[in-house]
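Novice: Listed below, chain by chain, are the residues.
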Amino acid sequence: MKFHVGRICKNVALAACLITGFATSSLASSLDYIHFLIPGGAGGGWDGTARGVGEALTKSGLVKKVSYENMSGGGGGKAIAYLIKTAAKQKNTMMVNSTPIVIRSLQGVFPQSFRDLTLIASVIADYQVLVVRPDSKYKNWEDVLKAFKANPKNVKIAGGSSRGSMDHLVAAQIFQAAGGDPKSVRYVPYDAGGKALAGLLTGEVDVLSTGLGEVLEKHKKGQVRIIGVTSKKPFDGIPSFISMGTNAYFANWRGFFGAPNLSKKRVAALQLVLKKMYSTPAWEVVRARNGWTNLYQPGKKFRVFLENQEKTIGSLMKEMGFL
Amino acid sequence: MMDGIWLGITTALSGYNIFMVAVGAFAGTFIGMLPGLGPISAIALMIPITYGMDPSSAMILIAGVYYGAIFGGSTSSILINAPGVAGTVATSFDGYPMAKQGYAGKALAIAAYSSFSGGTIAAIFLLIAAPVLAKVSLSFQSSDYFALMVLGLTAVAAFAGKGKFLKAAIMTLFGLMLATVGTDADSGVSRYTFGDINLIDGISFLLLAMASFALSEALINIIENRKVTKEEKAALKKEIGSLKLTKAEVKTIAPVIGRSSVLGFFVGVLPGAGATIASFLAYGMERSIANAKEKLKFGKGSLRGLAAPESANNAACSGSFVPLLTLGIPGSGTTAVILGALISYGIQPGPTLYTDHPALFWSVIISMYIGNLILLVLNLPLIPYIAKLLETPRELLLPLVMFFSLIGVYLVTFNTFDIYTMVLFSVVAVFLRIVDYPMAPMILGFILGGMMENNLRRALTISDGSLSFLWERPMTVTILVITIIMLVWPLISQLLFGKIAASEDN
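Here the protein sequences line up with chains E and Y, keeping their order. Under my numbering, residues 1 to 323 are what the first sequence spells out, in order. Under my numbering, residues 1 to 506 are what the second sequence spells out, in order.
Derived by calculation from the structure, the hints in this document are not laboratory data. Backbone N, C-alpha and C define an ideal beta-carbon position, used for all residues, glycine too. Be a bit skeptical, because a hint or two may be false.
[Unchecked claim] Derived DSSO-like pairs: lysine-lysine, alpha-carbon spacing no greater than 27 angstroms straight-line: (1) K167/Y x K135/Y; (2) K135/Y x K137/E; (3) K153/E x K137/E; (4) K220/E x K135/Y; (5) K221/E x K233/E; (6) K139/E x K135/Y; (7) K275/E x K232/E; (8) K264/E x K91/E; (9) K311/E x K301/E; (10) K318/E x K275/E; (11) K251/Y x K293/Y; (12) K100/Y x K221/E.
[To be verified] Some but not every residue of chain E turned toward chain Y, in silico, with C-beta under 8 angstroms: (13) G41; (14) G77; (15) G164; (16) E204; (17) F235; (18) D236.
Model the full structure from these sequences, guided by the hints.
Specialist: Encoded structure:
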């Protein structure tokens, strides 16, 4: 076998030229422009939120032009580091994020936290639910709790993400609020929410922990039964855990962050367009299409909310041995 | 139900919807042909276009894009050894060797016929039994899936021919090890990430496949730099675009296509399996039932080895519509995106979909017949031209292959770390290939490894740590017994029939 170094170099160089030519893009800058930084790939929840908000903002004429940039890696850490590092150039950028930014910075997945960024606002929320099969031996939350207190091993709870992530932590939080030991919750992780739902329906697990939006329609059609929701008040006839005497509140928010040290004027401008967006028909189309619940909390309110969430989840994770 | 089917037929046969299925199938094939761009990207591109359309037309379009992309995905696997989707990895095992031997046109034609038959047979099953099949989707639990992944791993045997057994086993193990990188779902702990946040999501399939297949293939070609003689070139030109199959060849692949389509469809119906597992299982099954002489051809350009995964992955792709439409459960990333699209049209798939929205439900299924027919008619005449791609001067073709595989991976994550990892993997792959270690078992181990581990550990959690799940469910036991038979059969058959064959020879 002969090695032709010259030819290798030639070919590699040609390929490299093509790539750099392809990847370079120009950055426009104007006050009527928002650039969305999405810490995950196309088709995910973050992607849908950013593009949905972008669509509503442009269609309603609140913002003239928007652009999107997907940057996955490190559970969102890559995009956070990038936003901080290039802060000087990012005055038009809003990064979308959600509850995992709190969980992952507690876990130390990435060294930054929401405190290193400028808080713009939360925009929507989804509540967590516990779900059973329609023909389940568990009629309601009381039955599940009774079985759990008799022997936690017998109550297997499915979720669509790994141990220590949201589906697991919220389930543990609910049992803890009912006086159980969060560590003894038997959590069965699946690769995705859909597969966890399949696991519930095949009968290998009895309870599923998931987002309300994922199962609400299935609940209405009688394919599954939601036995409790983590909102403050009952939702659409579904009892909230609080209304059943279990003091567990949890909202999986999605919201936007700006680069560190973003000017007050700029932050106020961004918050204003988001606030105006809620009353536009364009937003109502996007919201209804995705089944989202509005949760607008700008600046300081957002900070207090995040600090509370961090405290609740942090102490739960400590108790469960994740920290 | 007959009313529903009739409504579906009239909806699907409206001029507009036939146009939609043609547009979808064509766009899907085209996007699927580009290495690195699979059905997810193709569908994500189409969704914004479908807003405002009638949901039936939108779904017909999206379904067309889906199976079109699977159809087209085989092209890059066969021509440049760049499987852009996990479902077409097995296609490259025998498809690429065929193309290398100068039968690119024939390989593409077989892929087209197999895809068409797989898709059509699956559509027949869907039409007859979709609502009933929902039960099949929910018949598999974690322990059964674990057994199925073990069965899938036996396909490695195809690369363990003549003294290569140890090498194939080592590479499988290497693949299984690579699959453990990233966050461990069962404990939430990061494994083998060396503190680098870029590795916590694990190594992506696309990256590994592009690096170990396409990129390393291009590099090896440059290193070897074998001048093609004029005679070879002339011979290549004559054969490369030829689609002709002899009668004997048709006879060989017809039963293969039938078997693999049925297998592929049922594996596709399972939300925890899908097109990739289906193609590996079909490939493995075909090899196990082949006689000793045919067995040797697998991995070197066997027609059966190409027809089996190609029919299975298309059948599985149609099969995945069963859990999607009748349960609202997506079994893969692609079907999850389709589910998202359906919900955004205001349609909630589930057990009542075919009574709530009969036009949509049945017209999508009916459109699959039309779509597969369109794909065949569109693609067959194009094959000679597509196959001519291989006549591109290598000075141009190789950099383009490198460019597209790097870009394909980068466009998914926009993370430069992936490019560095890819280059590193391709260099490692080049060295391994120079010392004659096969890449296919590694990618097989990698794809199956993650799913195998997750299902095993899930089964263990559910059984409270007891191994009893291995023999408690009839389904698990059946699949494990088949696995053992497949592993031991060559030995037994040699003992039983080997001597007879030998004496006949004498």
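Novice: If a hint holds in the structure, say so; if it does not, say that too.
Specialist: Hints, one by one, checked against the model:
no.: 1; hint: K167/Y x K135/Y; in the structure: 41 angstroms, violated
no.: 2; hint: K135/Y x K137/E; in the structure: 20 angstroms, holds
no.: 3; hint: K153/E x K137/E; in the structure: 16 angstroms, holds
no.: 4; hint: K220/E x K135/Y; in the structure: 21 angstroms, holds
no.: 5; hint: K221/E x K233/E; in the structure: 22 angstroms, holds
no.: 6; hint: K139/E x K135/Y; in the structure: 23 angstroms, holds
no.: 7; hint: K275/E x K232/E; in the structure: 23 angstroms, holds
no.: 8; hint: K264/E x K91/E; in the structure: 11 angstroms, holds
no.: 9; hint: K311/E x K301/E; in the structure: 16 angstroms, holds
no.: 10; hint: K318/E x K275/E; in the structure: 36 angstroms, violated
no.: 11; hint: K251/Y x K293/Y; in the structure: 17 angstroms, holds
no.: 12; hint: K100/Y x K221/E; in the structure: 54 angstroms, violated
no.: 13; hint: G41; in the structure: 6 angstroms, holds
no.: 14; hint: G77; in the structure: 4 angstroms, holds
no.: 15; hint: G164; in the structure: 3 angstroms, holds
no.: 16; hint: E204; in the structure: 4 angstroms, holds
no.: 17; hint: F235; in the structure: 17 angstroms, violated
no.: 18; hint: D236; in the structure: 15 angstroms, violated
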